[in-house]
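> Sequence:
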Amino acid sequence: MSSKKSTQPTGVIADIAEAHTSPHTAKFISMRVKQGTRVKTGDVVAVLEHLKTVVKITASVPGIVRFRAVEGQMVSIGEVVFDIEE
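Mapping of the sequence shown onto the UniProt record's numbering: residues 1 to 86, in sequence order.
Source of the hints: derived by calculation from the structure; they are not laboratory data.
It should be emphasised that the depicted structure is a prediction, and the values quoted were computed from it without experimental measurement.
In this text, a Cβ means the ideal position worked out from N, Cα and C, and glycines have one as well.
The reader is advised that the hints may include incorrect statements.
Simulated pairs of lysine-lysine, DSS-like, Cα-Cα distance not exceeding 25 angstroms [stated by the list, open to error]: (1) Lys-56 to Lys-27; (2) Lys-34 to Lys-56; (3) Lys-40 to Lys-56; (4) Lys-27 to Lys-52.
Label pairs and their calculated CB-CB ranges [unchecked claim]: (5) Glu-86 to Leu-51: 28 to 36 angstroms; (6) Lys-27 to Asp-83: 27 to 35 angstroms; (7) Val-54 to Ser-76: 28 to 36 angstroms; (8) Thr-53 to Glu-86: 30 to 38 angstroms; (9) Arg-38 to Val-70: 14 to 22 angstroms; (10) Val-70 to Gly-42: 34 to 42 angstroms; (11) Gly-72 to His-24: 17 to 25 angstroms.
With the hints as extra help, turn the sequences into a complete structure.
Rendered as structure tokens:
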């Protein structure tokens, strides 16, 4: 069994529970960390707005953040908005 850690980035999606009953987009409101910041599991990384509700997106794993979306951009529910790399 190898002790090497995966170097594959982890994509973090715009995951909003009621997506199946509401519009399928959200607005990328803000980045709570800078591009390239090292985060811990649970850190708030970005904020989306969906149907006037603010949704905080947290890091599911520790690593370095690489954003794919920009502030003000409309993103589809399920779209990757940032990656977390080791």
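> Hints numbered earlier in the text: which of these fail when held up against the supplied structure?
6, 7, 10
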